[in-house]
Amino acid sequence: MSNRNNQRTRHHTDPSSSRYNNAKYHQRNGGKNNRPEFSRRQIGSDDVDRLMMSVDDDLTTNGKSQEASSRARACKNNGNRRSTRSTPQLRKAHQNQIGWWRIMVQDAGNIGKERVMTALRAHCPRQFQSYHYYIDQKTKAGIFFVNSQQDADMLKRANGKVEVQSLDILRIIVSRVPSPIPSLDEDIRPHFKDYLINRRFDQQIFKLDLTNLADDEELSSFGIFPQFNKQAFIHEIVDILNRDLHMTRQLDLGSNNIVSLQEFRNLKLNDLGLLSVASNLIKNVDEFDNLKHIPHLAHLFIKNNPITLPNNKRNTSSMDNIISTIQQKIPQLKRIDNVDLPPMIRFATDIESISLPASVPHCVPNDMQGFLAKFIDEYYRLFDTRGREELHACYHDVCMFSLCISTADSTIVPTRHFKFGNLVVESRNLQKVIDDKRRMMLLRQGKPTVLEFLRTKFPLTKHDGNSFHVDVLSTANNRAVFTVNGLYREVEQSTNGPVRCFQRTFTCAQTAAGVLIVADHIMISNATDSQVSKINSATPSVTVSTSQPLNTHADLENQMILRFSQESGMNIAYSKLCLQENNWNYDKAAEVFLDAKQKNMIPSEAFYKI
Amino acid sequence: MATTSADQQRKSRQDAEAVENFSKRYYDILDTRRHNVDKFYQNQAKLIWNGKEINGQNAIANYLVGLPPTKHYIYALDFFPMKDLFPDEDTTYQVFVSGAVVYGSVDSVTITKEKRLFSHAFILTVDNITSTWVIVNESFRFHE
Chain E
1 MSNRNNQRTR HHTDPSSSRY NNAKYHQRNG GKNNRPEFSR RQIGSDDVDR
51 LMMSVDDDLT TNGKSQEASS RARACKNNGN RRSTRSTPQL RKAHQNQIGW
101 WRIMVQDAGN IGKERVMTAL RAHCPRQFQS YHYYIDQKTK AGIFFVNSQQ
151 DADMLKRANG KVEVQSLDIL RIIVSRVPSP IPSLDEDIRP HFKDYLINRR
201 FDQQIFKLDL TNLADDEELS SFGIFPQFNK QAFIHEIVDI LNRDLHMTRQ
251 LDLGSNNIVS LQEFRNLKLN DLGLLSVASN LIKNVDEFDN LKHIPHLAHL
301 FIKNNPITLP NNKRNTSSMD NIISTIQQKI PQLKRIDNVD LPPMIRFATD
351 IESISLPASV PHCVPNDMQG FLAKFIDEYY RLFDTRGREE LHACYHDVCM
401 FSLCISTADS TIVPTRHFKF GNLVVESRNL QKVIDDKRRM MLLRQGKPTV
451 LEFLRTKFPL TKHDGNSFHV DVLSTANNRA VFTVNGLYRE VEQSTNGPVR
501 CFQRTFTCAQ TAAGVLIVAD HIMISNATDS QVSKINSATP SVTVSTSQPL
551 NTHADLENQM ILRFSQESGM NIAYSKLCLQ ENNWNYDKAA EVFLDAKQKN
601 MIPSEAFYKI
Chain P
1 MATTSADQQR KSRQDAEAVE NFSKRYYDIL DTRRHNVDKF YQNQAKLIWN
51 GKEINGQNAI ANYLVGLPPT KHYIYALDFF PMKDLFPDED TTYQVFVSGA
101 VVYGSVDSVT ITKEKRLFSH AFILTVDNIT STWVIVNESF RFHE
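Chains as they are written, first to last, in UniProt numbering: chain E, 1 to 610; chain P, 1 to 144.
Just so you know, not all the hints are guaranteed correct.
[Claimed, not checked] Mimicking BS3-like on lysine-lysine, the simulated pairs with C-alpha atoms at most 30 angstroms apart in a straight line are:
1) E/419 to E/432
2) P/24 to E/432
3) P/39 to P/11
4) E/374 to P/52
[To be verified] The following residues of chain E were derived to be distant from chain P, with all beta-carbon distances above 12 angstroms:
5) 102
6) 163
7) 358
8) 362
9) 431
10) 482
If you're looking for bench data, these hints aren't it; they were derived computationally from the structure. Don't be surprised by glycine CBs; every beta carbon is placed ideally from N, CA and C.
Throw the hints in and build the complete structure from the sequences for me.
Right under this line is the structure:
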């Protein structure tokens, strides 16, 4: 305690601007000393000293400004004040564990801060420094922070012992927290936003200067304590930028103790051409991956970061390597610091994007469309009925059935995690079921066995006709093999049951008794989020066929006309005429058209499109 | 069904092995040596790829080769031995696969890859002339 009166540093309540009073700042390179600045979390020994000194002068906490500047001063540890750890005070500091503790005084909001704090201080044997006192609106508790273990313990012991002017016994709850500052709450946000727009944004050149936010006294006076090493804070800034400052063309984030650029992945500044992250704490070149989505980012400043400093032992790459690595990550860059980048030669195969052919809803031969639509319609009507009694009419006596469940929680394409419950036991997945006997048993053969399973073991379903895609694989041997892909919901328990994605493969044979199923396979997996929203938004489909017709005759004709019109250049009316005259034989009509065109026999009005 | 239970088991195991081997090789070829995929198809095969119909061994091979590079992940596999239903016909299986597929070259880091879940059903039979397994018909659909 002997250095209490040592005025070697500026008092924390001294309102004169910033740290530039400190002699060390008049060093050549501004006092940064090529040492990484500590992030806010590390409170070094100096702070304790300063705290102990300041307690002497200030026994009560009152007024926002004092707290504000105390936070700005005492919480932040300037790297250049790193002293040797040898004096007795400093050793004591080590024992006196540094960190943050949150002190909650119940009902302090109602009692009043003055009374509470006076009573507390009167009770406590030692003086303690409190930070950031505020009232929690919901619980009306008074909350403040201390950053020494001794203080925290002392306050903990005061629980239930302090009386406030014969009104209440104070209940005090003490807990350890990583940092004192709560995140930007709703009330402060607009101030922050306004501040950024008014004070930091240059309207002429669309430049946003966010350098040194931590030291900004105006911000501190609002109760805003920028902490760029806190993900939540960066998230907030990015939000504000995206929403209110999206026209920003230049952004300067220098001197903000930034370590990670991960949250900048969400930055949507399409006009941003210049970005500076100079004088921060970036150590890893991979952080720059998070900037590659900014389309017009041409100029990037990275100097004065651990990654670029030559005496950083971790840094084994030369500056050239770093520049070239960053250029690879952000190919649109043209300049890094003051180095113009040579245009990057890339591989054409890297630049092109993947394109997959578009999907077609169904693949059903014309002559089967009518029949299939009816069959599927009727089948699922019976299938979606409790008990599935009437299904027996659909199956052949000699038939087989199997259920296969894909239970994999796909990390490649995420699905919803609906449970399958006991149904998994009935699943014949060769990747999961290894035992031969079991495999044989799960392949159900014969109508009674098949029906028994479908009636008793398979949950009640409601299929979504809108989601169906039908493909006919084969019509050989007087049998039809076709697949139905789509979605259904299990409605056993509730109307909001699991949504499954299924592929059903039917093999049907034409018999005297009609078309009967001889083989039936169900493959199911969980639906993806987008599939679930599709099934939820779909209008309730009464029947399958009304919802998505498998290309009615009229549809086919219309499609043909459209195609003919596109390919020939003739308008719809003439295309239709041509097709009709050729009995809807597309190829023949095309021949006739080309022939006539060559002979100049087509009236010009055929090509007039309204 | 004059076969004994042991026979049945053995046959069932053989079937399963044949199907498992086939699907493993098929997806492997698709991923690594796609130019050889034509060998898996019968001459008059038919592929329905997300609703698009492609007929004939060569057309199918060309179509598949034209798709971006892939990596397939198989989550479920099942089959029907059609011989049980139609003992007089050639050995035929209906094979059912469910999994995930990633389109995009493995080395490339700059392009965003397309990822899909898929369901695949194919009819597999023996080509009597070459005595090899070949696909006759197949339906491939993304979970959309």
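Violations among the numbered hints
7, 8, 9 and 10
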